[in-house]
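These protein sequence lines map, in sequence, to chains A and B.
The numbering of the first sequence is the working numbering, which starts it at 1 and goes up by one.
The numbering of the second sequence is the working numbering, which starts it at 1001 and goes up by one.
One thing to keep in mind: the hints can contain errors.
Here are a few chain B residues that sit away from chain A, every Cβ distance over 12 Å (derived from the structure) [stated by the list, open to error]:
| # | residue |
| --- | --- |
| 1 | ALA1038 |
| 2 | PRO1040 |
| 3 | SER1092 |
| 4 | GLY1098 |
| 5 | THR1110 |
| 6 | SER1114 |
| 7 | TYR1115 |
| 8 | SER1117 |
| 9 | GLY1118 |
Derived coverage of chain B by chain A (criterion: at least 3 residues anywhere in the stretch with Cβ under 8 Å from a Cβ of chain A; other residues may be distant) [said to hold, decoys possible]:
| # | stretch |
| --- | --- |
| 10 | 1053 to 1062 |
| 11 | 1121 to 1129 |
| 12 | 1137 to 1151 |
| 13 | 1157 to 1171 |
These aren't lab readings, by the way, just hints derived from the structure by calculation.
Glycine is no exception: its CB is placed at the ideal position from the N, C-alpha and C atoms.
Chain by chain, the residues:
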Amino acid sequence: MDIKTLQGADVIGITTAKNAFDALATAFGQHIENWQHEVVDRLNHSEWTGTAAGHANTRIQFLQNELQAAKQELALVSRALQDAYDGFAAAQSHLVNALDDAKTHKLTVAADGGITWEKDPNSPNFAGNDAATQAQQIQARITAALNEADHADQTINARLGHLATNASNGTGLDSATAKADQSAADALSQIPAAGTDPNSVKAWWNGLTDDQQQRMILNHPDQVGNLDGIPAVDRNQANLINLARGKQDIQRQLDGLGPAPAATLGSGRFIRPNPAYTEWQQKHDDLADKMGGINAIEARLNTKVDATHPPTFLLGFDTNGHGHAIVAVNNPDTANNVSTYVPGTGARLGSIGSDINRSDVMVASADNANRQAGDKSTTSSITWVGYDAPQSIIPEAADDTYAKNAEDKLVSFENGLHATHDGKIGNNTILAHSYGTTTVGYAMRDHGLPVDNAVLIASPGAGVETAKDLRIDPSHVYAAQSPADAIGWAAATDPGGVGDNIWDNVKTDFGFGDGDHHLMYGRQTTAPQFGATVLPTNPDAGHSDYWNADSPTLVSMGKIMAGKGS
Amino acid sequence: MSAAAPASALGRVTVAAVLAVTALTLGACGADTLQDRAKPTITLDQARTRIDGYLAAIQSQLPVQAVSLPPAFSDLECDANDVGPHGRKQSSRGYDFGDVPSDVKAKTVTDYRSYLSGQGFQAVPDAAGSHPDWVRMKNPQNQFLAILNGTSDSSHDLTLQVSSPCIWPDGTPPK
């Protein structure tokens, strides 16, 4: 659609057409009622019986069903026309507002959307020093409005086309068809439940006009923001609302706590801790922790975009439990390559800042790998704190329930990335740290993940014995663990693992040990027998140091994410 | 063996015991480190000023020019998944020199090494078996690190980055 067409479109005419159509549909409904009273009811009371009467009643009932189906189909046409009006009116309004703003800023918009302006400061028509920026923003709004109209045109055309076909070939008289069409129309106004196949979610979202999508986002941000299959830009918009509401709610709860009670009760030798203070402090610390995470997200979202700070997208947010957040550095729907980073023990809303930092440096590392190869591909890294991670080494990290409970969520999220990506994802990586590798390993083992690479950093075990058990090409499974990382002390406790470790120790004592070793959740991922490609590490790197500036592991992560080997 | 974690109560106790050893090990191994971490440092602003100083000084010695303005500083939280204390940051910033001809690149590497060696920086050896495309130089006095990356003939991009050690943003550890 072009500017002239949308600007001059008679959208009121759609309403006029709808009203005329409604009048016809109402008349049709009246005819059905009349037919019911004048024909069907009279026949029913005529006491006409016998074989001929039976045939007639059957035929009349059949006709009755057809008329009711037709009435339903006509109502759906009316609904489609209303949606058409809403969609086109919104798009036209957005276009007109953009054109008005262009005039205000003394910018001239050509029919093809090109924008020019007077650059001479001495001219009365001088557009100002920020004209280029204004022009860029207004041009983007014009393009968005035209796309919005195109999208409305496509979705409404598909719906009306379907109903017109039904009318012309008679399938619209079939009550089952009418029921299915009614259900499809109703489904448009109902958000799919959490856990719905992301491809179905994407198809549903595409069936809405932009105006309907906007209403969904504004009216149901909590559902839309966390639904896999919704495009990143739309999830982000919904989650910005969720973030603002979450912040308000946490602040309200903090204010509601009031001042801290006295830390102790009694005096002298009878002094003792005040339980009320302990309770207050726990609540306060939890809320303050969440607020810290919210502030970190806001700070990163508002960071000026530059080479090492790409735009960010909030793909998930809530304050339930310890809080969750999913933050993408670069748009995962449009980036050539995508990586999902799953942190481990301690991951929560309050810790999201440091994990977003890691995504930033991983994207920078991937960009570096691409530039060095003369490749202009882009990479998105998503920090995925979409699960309840253990919050303590003892006792929570000793429990694999956290990993098990995350499996379905992670599988859905990865499927959603494919559903919403523009075309095929060039290179999709899952990258995890510590307990996050157990979470990822369990999901890959039990369900398979649609990824090209798996990178396991400082793993206490991925729930499998070998790389091939992760159900992707084992040559694309990578592992890193520094000799100084204490995760190596998280030795196996299950009888099989303990036995294997004892046997390996015996072999080592006799000089023929082969480095096989089992940790808490399976074979050490850097053991040769596991079969992963082992990434370089700084020999003195601690459990958190794999993302440091001088880390060769970070270089390898970037190469893998960029599809450039390791 | 089975790779699944033990599900029984006894199993979990055993697992917890092993993890207790892990946690204690982390703490014990890091006893000196923890002391080091808890010492006052320069502030984040001071670290950034020093980074820019190093960058400008190194750049002035090289036969290449940056192809774009340096981006904002990138900060990374240190010890995020460690026993703490938490809150230290490592700050970094750098230049991108673009695709540099091989002969100029070779001279850049030589000049870079020569200049920083003269300033007391020392080459950081790479792990055995790894062949990263960089030259790392670290100042043993203040732990600032310079990395010239993309130094091989095959690389189409040469970059310089300077990073601070882990520092407390306001110079003092939390009480």
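For each hint, the structure was consulted:
no. : hint         : in the structure
1   : ALA1038      : 16 Å, holds
2   : PRO1040      : 21 Å, holds
3   : SER1092      : 5 Å, violated
4   : GLY1098      : 8 Å, violated
5   : THR1110      : 20 Å, holds
6   : SER1114      : 21 Å, holds
7   : TYR1115      : 19 Å, holds
8   : SER1117      : 17 Å, holds
9   : GLY1118      : 21 Å, holds
10  : 1053 to 1062 : violated (count 0)
11  : 1121 to 1129 : holds (count 4)
12  : 1137 to 1151 : holds (count 5)
13  : 1157 to 1171 : holds (count 4)
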